[in-house]
Structures are given as C-alpha cells and as structure tokens.
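Trainee: Use these hints to put chains X, U, F, A and G onto chain R, whose structure you have.
Protein chains: 6
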Amino acid sequence: MTIRADGRQADQLRTITIEKGWSAQAEGSALISFGSTKVLCTASFTNGVPRWLTGKGKGWVTAEYAMLPRATNSRNDRESVKGRIGGRTHEISRLIGRSLRAVVDTKALGENTIVLDCDVLQADGGTRTAAITGAYVALAQSIEWGRENGFIGKKAVPLTDSVSAVSVGIIDGEPMLDLAYVEDVRAETDMNVVVTGTGEFVEVQGTAEGAPFDRDELNALLDLAVGGAVDLSRFQREALGL
Amino acid sequence: MTIRADGRQADQLRTITIEKGWSAQAEGSALISFGSTKVLCTASFTNGVPRWLTGKGKGWVTAEYAMLPRATNSRNDRESVKGRIGGRTHEISRLIGRSLRAVVDTKALGENTIVLDCDVLQADGGTRTAAITGAYVALAQSIEWGRENGFIGKKAVPLTDSVSAVSVGIIDGEPMLDLAYVEDVRAETDMNVVVTGTGEFVEVQGTAEGAPFDRDELNALLDLAVGGAVDLSRFQREALGL
Amino acid sequence: MTIRADGRQADQLRTITIEKGWSAQAEGSALISFGSTKVLCTASFTNGVPRWLTGKGKGWVTAEYAMLPRATNSRNDRESVKGRIGGRTHEISRLIGRSLRAVVDTKALGENTIVLDCDVLQADGGTRTAAITGAYVALAQSIEWGRENGFIGKKAVPLTDSVSAVSVGIIDGEPMLDLAYVEDVRAETDMNVVVTGTGEFVEVQGTAEGAPFDRDELNALLDLAVGGAVDLSRFQREALGL
Amino acid sequence: MTIRADGRQADQLRTITIEKGWSAQAEGSALISFGSTKVLCTASFTNGVPRWLTGKGKGWVTAEYAMLPRATNSRNDRESVKGRIGGRTHEISRLIGRSLRAVVDTKALGENTIVLDCDVLQADGGTRTAAITGAYVALAQSIEWGRENGFIGKKAVPLTDSVSAVSVGIIDGEPMLDLAYVEDVRAETDMNVVVTGTGEFVEVQGTAEGAPFDRDELNALLDLAVGGAVDLSRFQREALGL
Amino acid sequence: MTIRADGRQADQLRTITIEKGWSAQAEGSALISFGSTKVLCTASFTNGVPRWLTGKGKGWVTAEYAMLPRATNSRNDRESVKGRIGGRTHEISRLIGRSLRAVVDTKALGENTIVLDCDVLQADGGTRTAAITGAYVALAQSIEWGRENGFIGKKAVPLTDSVSAVSVGIIDGEPMLDLAYVEDVRAETDMNVVVTGTGEFVEVQGTAEGAPFDRDELNALLDLAVGGAVDLSRFQREALGL
Amino acid sequence: MTIRADGRQADQLRTITIEKGWSAQAEGSALISFGSTKVLCTASFTNGVPRWLTGKGKGWVTAEYAMLPRATNSRNDRESVKGRIGGRTHEISRLIGRSLRAVVDTKALGENTIVLDCDVLQADGGTRTAAITGAYVALAQSIEWGRENGFIGKKAVPLTDSVSAVSVGIIDGEPMLDLAYVEDVRAETDMNVVVTGTGEFVEVQGTAEGAPFDRDELNALLDLAVGGAVDLSRFQREALGL
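Residue numbers (UniProt numbering), protein chains in the order written: chain R, 1 to 242; chain X, 1 to 242; chain U, 1 to 242; chain F, 1 to 242; chain A, 1 to 242; chain G, 1 to 242.
Keep in mind that the hints were calculated from the coordinates and are not lab data.
Just so you know, these numbers come straight off a predicted model, no measurement behind them.
One or more hints might be untrue.
Because identical chains cannot be distinguished in the list, a pair is counted as satisfied if it fits within a single copy or across any two copies.
The calculated lysine-lysine pairs, modelled on DSS-like cross-linking and capped at a C-alpha distance of 30 angstroms, are [what the hints assert, rightly or not]:
1) Lys154 with Lys82
2) Lys82 with Lys155
3) Lys58 with Lys82
4) Lys56 with Lys154
5) Lys82 with Lys56
6) Lys56 with Lys155
So here's chain R without its partners, still in its complex pose (with noise of 0.2 angstroms):
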C-alpha cells in the first residue's frame, strides 16, 4: 500500500481533534481539526421557528458555511465584499444542513429552530466534511442547553442518531481516505459521503474529476468512507462526553 505525503496509509484518517465548548457564546460549539484544516462550529438556539413553519410542532436546523478570506494559501476575497454568494459557499452550506436534518426529529425539537454556523478558520482539503462532524457536536450541546433550559422536553429524543462525513478519493489509480489539499487536486474522482453512527449514508456525492469511475471504483470509495464514520463516530462521542 502506498504511503502517502505526510506519511498516512491510504485508508487513514488525519488527526481528528474536536473542541466542544469552544465558543464562549453559542449554545453549543466545536473547533474540530482534520489535520490542518480547522472549522469552528456554532449552534445558535432559538426559541420559536420561521414563519412559514409557526404552528406546525415542528423544530427548524438549518446551516450557513463560510471561509475566512485567508483560510487559504492565498487571500480570496469575501463574499460580504463581492455584494454575492458564490455557487460552493451556497452548494456546501445546503449539504450541511440537509445532513445535520437527517439525524433530527423535528416534531420531538418542537418549535425551536438551530442555526448551524461552520467557519473555516484554516483550509486544507475536507473543509465541508469537518464542517458536518463538527457541526453534529455543536447541534448535540446546543440540544442538551435546549433541554436544560426547558424548551425541550426532558423525555424528547430531537436525535436520532448522529451524523460525521469524510472525503474519500482516488489518486494514482488508488482510492484513499480523507484527502488533504495537496491530494485532492490531484484526485482523478472525488467523492463525499454523509455517515450515520449506525453506517447508513445520508449524501453520496461523487464527482469524476478526471476520467469517469466505474462500478467497482465507487464501491472501493465507499468501502472506505464507511470505515472512516466510524472512527469520526467515536471521536464525536468522546468529544461529547458519551
């Protein structure tokens, strides 16, 4: 097997550091690190749901991604600047939210709403998968601050189960987990895979970014993923405590 640039095997995730509690502020939170690339997460929880959701019984999670304009190696500039949102700000932002949507009960949320806010403070490759692990563990407390603070029931289960995501690609004709910038722009494909902790998948988004992939390429992919969930699995339930 081949060993890779800074030494990983190809089925071996970076180090995984989450910070639950980071920001003094939110409801819940979490800086989490996927090697270099570090995201803060906050929750921010608030009693009530919008509009076109009043009455129903039913909670709101939804997600907004962000990178800081020098998370990279050079500036970009900001979208607040520019006056717009670009097309991967707004494609990651909706990925982010329809995961963390996918391990909730809304009716057992009850009529609360969470904004998952994902900041990419330093970059390099997975940013969107950090963001979704980290941001389950900011989702997780602020839930906890909901219950302990009456606006959920105490008996309420608003979780379902929990959510981590990692990118798995294929460089040199070898399928390899969790790239790190250098490795993805090299990736002939690239894929994303959301991850229940009980290993059934929320998104599959592969994408041929050279040649297309085939049949048994995509499940070498997913063999991979699907053994990296569950290490993120356990590290998200460390970081929570459980």
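Mentor: Relative to chain R, chains X, U, F, A and G alone:
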C-alpha cells in the same frame, strides 16, 4: 411491480423527445422533454477563451441553468428581480458544467469557449437531468459548427464520449427511474446520476430526503440509473442523426 | 413600393402565429411569433392583491419582460448573474403592464392579481410588440380561468377592449410596418404603437434614431400602425376562438 | 378657455428660469425651474471615450437622472440605499441621453465624453422635460469649455440644433401644456414631447393613463407641445447669451 | 499668523450662509454654505416610529448623507449606479445621526420620526461639518412644524441644546479652522469636532493623515474648534430667527 | 476607586494575550485576546500594488474587519447573506487601515501590498481596538516575511513605529480603561484611542453616547488611554520576540 401514477413501470423513462436545432440563433440547440418537463438548451460558441486560460491551448465549456418564473405550478420571483441567484440554481449550473466537461477533451477543442444555457420552460421533476441530456446534444451540434467554420481542426475529437443524466429514487420502499414531480416530493431517497455513453459514472449524487439509505438500496438505484442512461444515450444519437 | 429583404411590402406584417395555452402550468399562456421573434407569455392568476391595494375592491395586473441569454445573435449575460435588471428590461416591462391595464376594468376584475411574464425565446426585432400582443391573449385566457374557478363574477366584464402593438419605422425615407431586426437597426425613426381593438391609442412611442422627424412622417407611421393593429386584433380573436 | 389652478391658460408654460453656470465645479451647468420644479443639470466633460468607442473618431454623450429623496411631497428611499435603480429612473436617464444625442454630431465632438447629470432638487411635475431642457444648456456650455480648452476644433460644430422638451396632457377632456403635479395625476392622457429648435420631433411618448386617446386628441396635444417648445427654445438661447 | 490662500486668518471661518426653508416640500430645510461648500439639508417628519421602537413613547432621528456626482472637481460614479453605498458615506451618515440625537430628548419628541437628508450640491471641504450644522436648523424647523400640527406637545422641549460642527487641522505645523479642500488635502492632522451650543463635546474625531500628533497639538485644535462653534451657533440662531 | 464587575481597577487592562503566527497559511498572523474578545488577524503579503499606485515606488497597506455571525451573544445575519456591508463594518475597516498606515513608510515597503484581515471570533467589547493591536503584530511578521523572501530590502525600515489601540469611557461619572461589553453599553462617553509606541496619537474618536462631555473628561480619558497603550505596546514587543 407497482404501476406508477402515469402508468409507467418502475424502470421506465417518461416519453423523451429531443428537437435538435430548435433555436435559429445559437450555434447548437435542443429542446428536450422528459414527459412534461421541457428545457431549452442552447450552445454559444465563441472563438477565444477567458483571460485566465489564454495561451494554454485549451478550450472552456461552462453552463448556466435557470427556470422561467411560471415554469412551475405556482409562480416564483425572477432571480434577476431578486438581484441574486439562489443556491439551487448555482448548484445545478455547476453540475451541468462539470458533467459536460467530463466528456470534453479541452486540448482538442482548442482555444474556444462554449456556454450552455439551459432554461426550463416547463418543470415537472428531473429538470437538471433533462438539462444535462439536452445540453450534450446542443454541445455536440455546436462543436460541429465550430469544425465547419474552421475553429476546430478537421480531425480533432473534442468529445471523448457522450453523457446523459437521469434521476432515480425510492418511493414507498421501491426504487424507481426518472421521477416526475409528484414522485419526487414523496421520495425517501433521491439520486441524480450522470453516466457516459460507455456506462461509466461522472456524478453520483444521492440524498436521503427521509430516512438514510443502505448499501443495497444504493446499488438498486444505480442499476436503474445505468439502465435508463442506455436509453437516453440512444435518444441523443438519434437526435444528432448518428 | 419597395420590396423588403424578406419579400414583404411596406405595409405588411410578418407571419404571425399565436398558440394559446402553450404552457400546461399557467392559468393563461400564449406562444406568439412575429416572424422569427418568439415570445412565451404566461399569465399567473392569484386571488388577492398586493398589500397597498387591499380592501379597495380592485384587482391588479402587472408584467415582467425578459430575454433568454441566447435569444439574440450573440449571447448576452443574464440579468440574474449581473445582479441587476437593465434599463431596457425595466422600460419594456412597464410598457407591457401599462398597455394591458389600459383595457382592464380593475373593479370588474375584483381583488385578484394577474402577473404576465413575457420571456423572449428568440429575438428578431419587435419583441416588445409581440409581447404585448401575446400577453393580451394569455390575460384573456386567465380571466376566463378566474371566472370558471369562481374568482370573477359570472357577468363581470374585466376586459373593456383588446390591445395589440406593432412597430413602425422609416427606412431610407420610407415608412414600413413591423420591422425585423435588420430593418430596425437601419431605421431613422422607430415607433412602437399600442392600439386597442377599436382603433384608439394606448401608447405612442416614437424615437428619432438618426435625424428628427416631422409631422408628415409621424402621420404616415401612425397610419401604418393602425392598419397593422387591425390584423393583429383579428389574429388575437382567432387564437382565443372568438 | 379653462383657467387652471395656478391661473395659467391651457397653452401657457409655467414660469421658466434657467441659471447657466450654477455649479462652480462642472464644465457646464444649469439650474432650471419649470414653476416649482427645480433640476440641477451639470455637464462633465472628459477627454477620451469609453473603450468600446475608442479609435472611431467619435465622441459620446450620456445622461443620468435622479431625484433627491425629499424632492417630493413625501420622502422616497434613496436608490443607493435600496441598492438598485428603479425602472422609472432608468427610463428617464435613457430618454435624456437619446434626446441630447439627437442634436449632437459626434464626429464634430471628437473623442470626448460628456456626462449630463440631472438631479431633481424639487419636484412638481415635468421633471424629465425640465431635465432635458436644462441639460441642453449645460451641454452647450460644456462644449464651449471644450473648445476653449483645445479639446474641440475651433470651427467644429458639434451641436446641429438645440433641443427642449415639454409635457402635455388631456384633463377633463381639454388639452393642456406643461402639467404641474396636481394636473399630471388627473390627466387622462399624458405626453412628453422632445422637439428641436427647428421644430422637428426627437421623441413623442404618449400614454393613456385613463381612457385610450384618438387621432384628434393626439394632434391637439402635439400642436400644444410644438408651441411650448418655441418658447423653451428662446429661454435656452437667452440663458446661453445667444 | 499665516494668511491663508483665501485670505482668512488661522482661526477664521469661511463665509457661512444658512437659508432656512429652502425646500417647499419638506417639513424643515436649510441650504447651508461654508464658503463654496453647499449642502441641502431637509427634515422629513412623520408621525410614528420604526417597528423596533413602537410603544416605547420615544421618537427617532436619523440621517443620510450623499453627494451629487459632480459636486466635486471631477465626477464620481453614483452610489445608486454602483449598487452599494461606500464606507465614507456610511460613516458620515452615522456621524450626523449621532450628533443630532445628542441634543434630542426622544421622550419629549414623542412617537415621531425625523429623517435628515444632507445632499452635498457642491463640495469644497468640510461637507460633513456643514451637513451637521445645517441639519440642526432643518431639524429645529421640523420640530416646530410638528408642534404646529399637533404631533408634539405644546410645552414639550425635544431639543435640549443646539449642535454644530467644524473641521480643524494642522497645516505646515500650524493649527487652522474650517479647512477648504486645498487645505484639507495638505493637512498633517485633520479633526472634526461636534460641539453643543453650550460648548460641550458630542464627537471628537482626530486623524493623523501624515505624522502622529501630540497632546499639545490636540489641545490647540480643540481650542480652535470650540471658538468656531460659538460663531456657528450664532449663525444657526439667526437663521432660525431666535 | 471603584472595583469593576470583573474585579479590575479603573485603569487596568483586561488579560491580554497575543499568539503570533496562529495561522499556518498567512505571511503574518496573530490571535489576540482582550479578555473574552478574540480576534484572528492575518496579513496577506503580495508583491505588486493596485493599478492606481503602480510605478510610484510605494507599497500599500489596507484592512478588512468582520465578525463571525455568532461572535456575539445573539446571532447576527452574515453580511455576505445580506449582500451588503454595514456602516459599522466599513467604518472599522477604514479605521484599522488608517491606523496601520500611520506607522508604515510606504517607500521603504516598496511596491508590495499587505492586506490585514481582522475576523472577530468572539466579541466582548473592544473588538476594533483588539483588531488594531493584533493587526500590528501580523503586519510586522509579514514584513519580516517579505524581507526574508527578498521583496523588501535588507536594510529597509518600513515600520516607523508600533501602534496599538484601546477603548476608554465614562461610566457613572468615572473614566475607565478597556471597556468590556457590559461596561460599553452603559458608558456615557466612549472613546477609542490609537497610540504609537512613542506615545503620540494616530486617532482619537470620542463619542457622547448619553450626555455631551467636557474638556476635563476628555483629558482624563486621554490620560487613561495613553497609560493603557504603554502596556499594549509592551505585549506587542513580547509577542514579536523583540
């Protein structure tokens, strides 16, 4: 096997029509229908490339997707009036562009730019897959235009394969091909699959709308999609007179 | 009399076709052609009026005009991408709205709103006049829909007259009716005239593109326009089956 | 003949004043009043032309119209605050530009650009016609500035004629000249007419606000407008000291 | 003491004129000149307050500052055309609003809103200080209008003091009062001071444009500003006929 | 002397920490804390200058300030989502830029550009002063990077001094240093003072939030600020290892 609302079987496409050259103005065009979904795809061929690509001997292919305000059952505000493009529009435009670039040899295309515009005139589910399938036809026509007008070499082969797309989903536990709108809103899992003429994957985007999905369900959906793509590929060849 | 590039005489319209009910989704619709100019007009009927009109017992009719990016000979950037609507688009949208409101009795319409969307699929001169002429058909169809669905009284007469529009211009000193694009760019004077079915004026917009024009020229142009409007009015009645 | 609210006769202009050179900063300027309507017109002369016109030996004249937020009886939000320019503003800016270009020989102007800014300080009807009439004076002054500063040839004649504009309308069935705001809102038909110093038409824009109008009414309005333009033309010459 | 370019002494204001009630439309207005700097200030009084302030028994005063495109020596693009308000405009609008609110007792004002629009017609340095000084006069006039029209109690005292502003700066080492544009661009330090009629500070904004400044220089500048404010306060009283 | 909520004395700074080089990507960076206020400052060094400065042998330093949506106690909408930057953000960005340029010799910097991004990760009052103080450290580090990489001469001295900033205010009549958020909202007068390492002023911005302030109060605040700046300057030197 369940009979669907419109009488189709689970593995059956809707009626597909592709009218090549619908537009008198564009270098390539196709009006494509997937049942009641109608998308007008035009290809605008221009000699030269964006500044960031100049002098590299490569061409560029990109796409923009949009929907007329009353393509849907109730009217949506125009994005031009709102002053910003929504996340869904961005996401689909990017998907169409990536899908087409996957079958383009930009060196063989030479320093030419082709912009695909996919405007949904009527929407009944599957607009993005119809757009990709129709845009390929417009692209192929515009490449022939480029060849006839001397912008592309006589023996150059800018298209390495064909490409089409189809949606699949699980409804009431059963995998189904090419979802109409009424099916799409009920689907537990929804997947868009972009497949080359030779049956390889360009994009696989599966989303759990309700419950997460497992490996078996994923496999069943991919089987359906690959089957549908064989038919779509044939319709494309017929439309192009190949 | 000069024979024109397309063989028409100076006082002759291009081939006019009006396909009522082209859209399966809208309450009213028409695909109209003035020669190669094709405009898809849809009417969206909604019960209720904007807040500023509430409780006055009156309805509201408004219009939006737009062009697909490749409706024209070379591609134009989308206004949604530019993030702002151009002056020409605004101007034409307002003209269409005013023209239709001139034949609507808003009291008889009741507290209902009709939005006309006029999207140019292919442009070869006269897009605004085709839009007005087609929008009237969509409007009339949507009013019948409103009546059938109980939103408009059985004996109410919301339409006081019909309305159509046509362009006229002076080319090489000669007044001509219904200019195609190649004629429009050469016209010294260009006029759009909106006329009711009974032959009165709703809008007269004449512009000296080259030299100013005198009273005789103005009169000759108005004569041509009024003649053309008689024919357009007949095509509208035929399309509506009246 | 009816006596109007302000004591004028039907064919009488309001008090017109034109103060040439009001601005100490601009190359040309005029503060013009049509009764209580006050518009500050400035002409900004710059050597050179926009990129798309470079090297053609022609100049460029364009205009921008705007209204101070409290020019009117109740305050309007600033278009800069709303982040977009309204349709009415666009429409009038374009009208002013076209009207002035109709009397400019751009070859004689040489490769120079003149931007006319027409800012309404106080509005009481007829702001666009006052703007055109005043902008002509600012334009003429700036052309003399260009000549004195060596950017325009000593014998060049960039202005082929003068141009002014006036509104006319039908109120209670009677045609009237130069409508004040209280008249404008009551007018059944409203027309803005742009006329050269030699009495030819540059623009004729008539709109039925209430009932459509017939040929006789149109003719009566044009007669009034041509009469008013003779006076405006004289006021312009006096302001310019000709 | 140095004699300045325009013959003034270091501690001398330019010619100040304040024309109360310049606008026929607004509830309060003043056209103010500081030398060649001319600012039109209007106060728009409306009964009621923004939603966030409703029911608190307090009024609201806010301000917007803007410059005509050709107020300055060379033309600036309109912020409405650019689609966004620049930082400088925002900053000055906020400064004017804060300065006026410092002398308003919002309880005594009652639930009324006053918007001050300060539009620079001609700019020659000190536009923000002229705007504050003139806006106070418009504000005072509009409060009297509110009292006369029954929106403010007969004995209420909404204005706790008057307020004016002046710029000071150090040029060639010498502190000077009320800088004209040619002085402003040469100033090493530039300070805007907002002072009440009783001589206390509302805002002190000092900026080192070139070298940093020390405590002695700061003190000398404040002395000058306080002296100038005494005169401005007197001009305001005269304009208001007090 | 009053003991403050957090136990500090009136003239005492909060705990200050400065972590130089926090970011692995930027040429200079510092994570700075003023108590619970945390700002990530990065310096992006690029060879070359904006077009308007080209060929003048001078460099350029500019800054952008922003706040994460949940840096504060309740969530704020992102400015990128709102599509426009607020006045406060603009104002602070400009302040940071001016403050840093006051200690930069742009000739010695050469034709290089340094952009300082100051992103508030957690806000508890004094974010702009923390940003200036931390940005100086990032700036100094990036200049050393430029020197080591040959873009700045070996003996060039682009920094003429250091610069830091601190807030001061009057609470219940007593002047206090370095206000935390709970103090800031209660302050009658609020002042931000930017001071060089040698104790001179770069910016003095004092605002009466409640009652206007007199000369004695101003002097007391300046004394406090100058004292605090001495400490901040020392922390900066320590962080830079000087």
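Trainee: Which earlier hints turn out false for this structure, listed by number in ascending order?
Mentor: 1 and 2
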